[in-house]
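K.L.:
Sequence:
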Amino acid sequence: MLDFYSVIAELYEQFQDFDINKLPELWATFLDTEYKKSVATINEADSDFVRSEDRLALDLGCGTGSVTMALAEKGWQVIGVDNSAKMLEVAESKINYQIKDNSFVDNKDYLTETLKVKFVLQDILNLELKEQADLIYTSLDVFNHLDEEELLDVLRNSYTQLKDGGILIFDLHSLEYMQTDLGNNTYHSVTDDNVIIWENDFSESDLTNEAVITVFKKEADGRFKRESSSLLEYYHFPKLVIEYLEFLGMKVEYIKDTEFTDMWDSKRIFIKASKSL
1 MLDFYSVIAE LYEQFQDFDI NKLPELWATF LDTEYKKSVA TINEADSDFV
51 RSEDRLALDL GCGTGSVTMA LAEKGWQVIG VDNSAKMLEV AESKINYQIK
101 DNSFVDNKDY LTETLKVKFV LQDILNLELK EQADLIYTSL DVFNHLDEEE
151 LLDVLRNSYT QLKDGGILIF DLHSLEYMQT DLGNNTYHSV TDDNVIIWEN
201 DFSESDLTNE AVITVFKKEA DGRFKRESSS LLEYYHFPKL VIEYLEFLGM
251 KVEYIKDTEF TDMWDSKRIF IKASKSL
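The letter at position 128 of the sequence shown is residue 128 when you use the UniProt record's numbering, and the numbering goes up by one with no holes.
Incorrect hints may have been included.
So the derived label-pair ranges between C-beta atoms look like this [unchecked claim]:
no. : residue 1 : residue 2 : range
1   : Glu210    : Glu128    : 25 to 33 Å
2   : Thr186    : Lys251    : 24 to 32 Å
3   : Leu277    : Ser189    : 22 to 30 Å
Simulated crosslink set (SDA-like; lysine to any residue; CA at most 20 Å straight-line) [stated by the list, open to error]:
no. : residue 1 : residue 2
4   : Lys86     : Asn194
5   : Lys251    : Ile197
6   : Lys218    : Glu34
7   : Lys218    : Phe237
8   : Lys225    : Asp193
9   : Lys251    : Asp153
10  : Lys251    : Ile271
11  : Lys267    : Lys218
12  : Lys225    : Ile196
13  : Lys94     : Glu25
14  : Lys267    : Ile255
15  : Lys86     : Val142
16  : Lys163    : Glu34
17  : Lys225    : Ile197
18  : Lys225    : Val212
19  : Lys74     : Lys94
20  : Lys251    : Ile269
21  : Lys163    : Leu56
22  : Lys74     : Ala40
Calculated directly from the structure, the hints in this document are not laboratory data.
Just so you know, even glycine gets a beta-carbon here, dropped at the ideal spot from N, CA and C.
Taking the hints into account, I'd like the entire structure generated from these sequences.
P.N.:
And the structure:
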C-alpha cells in the first residue's frame, strides 16, 4: 500500500473540511493574535518585541503550506516542516521560490524572495533545526497522527526548539469528533478529474481511528488510475497532554475566544503553552 500522504497530497485541500480560501487566513490571524496576547502579558513594557519582523514560527506538519503562507503574509518568518516530499512539492508550487544555494537543493529546502518562507523535508519526530522559534504550532490535528510516545517526544523537542518566552499552539481532535464525525462513517468527493473515498473505522477499545482512502485519478488518456492507503489517528486525553507540558515547565491554557467563532466547535481542542523566560 502506498504512503498515505503521497496518495492524498495533490487532492488534500479538495477533501479537507474547510474553505481553502478562508481558513488558512483565519488560522494565521488566530496564531498571530494569540502570540501577541502572550507576549504583551510577558513584555508589557516592550511593545517592539511584539512588532518585530524577526519573529520566527515553525509550522510542524505543514502539509501543503496553506497556513504557512498565510502567516508569512502577516510578516512572520516561517519554516514549514513536513516528512512528505509530495506535500512539500504542492506547498512549493504555490510560491515563486528560488533556490538559495546548493545545500538547499540537497535538503529540499527553499526560500521565497518576497515572503520569508522556508520548507524543510524533515520528520517532526527528529526535529533538528539551527533556529530557535518564537512560535511553534500545528494545525488541523497533526498531533493526532502521532501515538502517545511520539507526541511526548515532539512536545519535548518543541520545548527545546522554542526561545525563552516562546509559545506553542496546537489543536487536538475531541473524543466526540472521533466517535461521531469519524466513527465508522464513509465520506466521498467527486469531480470530473478524480474520486476520493474515505472510510473510517473507529475503535472504542483503544480510541484510534483507521482511515482507508481510495483515490481514482483521471489520466491523460481519460482512464482512471486507482491508488489507496491508510492512516491511523490517535485520541489524546487533553489532561495528560497538559500535565506533560507542565512537567516540562510550561504555562498551559485552553484557548477559548469568541473572536474566531468559525474555529471553535466540538471537533477541536486548542491548547497554548508558554515557555518561561
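K.L.:
Now look at each hint and say whether the structure bears it out.
P.N.:
These are the hints, each one checked on the structure:
Restraint check, Glu210 to Glu128: a C-beta distance of roughly 30 Å satisfies the suggested window 25 to 33 Å. Taking 24 to 32 Å as the suggested C-beta distance range, the pair Thr186 and Lys251 does not conform, at roughly 42 Å. As the Cβ distance of Leu277 to Ser189 is approximately 47 Å, the hint placing it in 22 to 30 Å is violated. At roughly 18 Å between alpha-carbon atoms, Lys86 and Asn194 fall within 20 Å of each other, so this suggested pair holds.
For the hint pairing Lys251 with Ile197, the CA-to-CA distance comes to about 41 Å; that exceeds 20 Å, so the pair is violated. Among the hinted pairs, Lys218 with Glu34 is inconsistent with the structure: their alpha-carbon atoms are about 42 Å apart, more than 20 Å. A distance of roughly 41 Å separates the Cα atoms of Lys218 and Phe237; the hinted pair therefore is violated under the 20 Å criterion. Simply put, Lys225 and Asp193 have alpha-carbon atoms about 11 Å apart, close enough for the 20 Å limit, and the pair holds.
A distance of roughly 18 Å separates the Cα atoms of Lys251 and Asp153; the hinted pair therefore holds under the 20 Å criterion. As the CA atoms of Lys251 and Ile271 are separated by approximately 11 Å, the hinted pair is consistent with the 20 Å bound. A C-alpha spacing of about 33 Å is found between Lys267 and Lys218, which places the hinted pair above 20 Å, so the restraint is violated. With a C-alpha separation of about 12 Å, the suggested pair Lys225 and Ile196 falls inside the 20 Å cut-off, and the hint holds.
For the suggested pair Lys94 and Glu25, the alpha carbons sit about 15 Å apart, so the restraint of at most 20 Å is met. Taking the CA atoms of Lys267 and Ile255, the gap is about 14 Å. The hint holds against a cut of 20 Å. Between the alpha carbons of Lys86 and Val142 the distance comes to roughly 17 Å, so the proposed pair stays at or under 20 Å and holds. Proximity of Lys163 to Glu34 is assessed by CA-CA distance (about 16 Å); at most 20 Å being required, the pair is judged to hold.
At roughly 14 Å between alpha-carbon atoms, Lys225 and Ile197 fall within 20 Å of each other, so this suggested pair holds. Our distance criterion of 20 Å between C-alpha atoms is met by Lys225 and Val212, whose separation comes to about 17 Å. About 17 Å separates the Cα atoms of Lys74 and Lys94, which keeps this hinted pair within 20 Å; it holds. For the suggested pair Lys251 and Ile269, the alpha carbons sit about 17 Å apart, so the restraint of at most 20 Å is met.
A hinted pair counts as satisfied when its Cα atoms are at most 20 Å apart, and Lys163 with Leu56 qualifies at roughly 10 Å. Between Lys74 and Ala40 the alpha-carbon distance is near 18 Å, which keeps this suggested pair within the 20 Å criterion.
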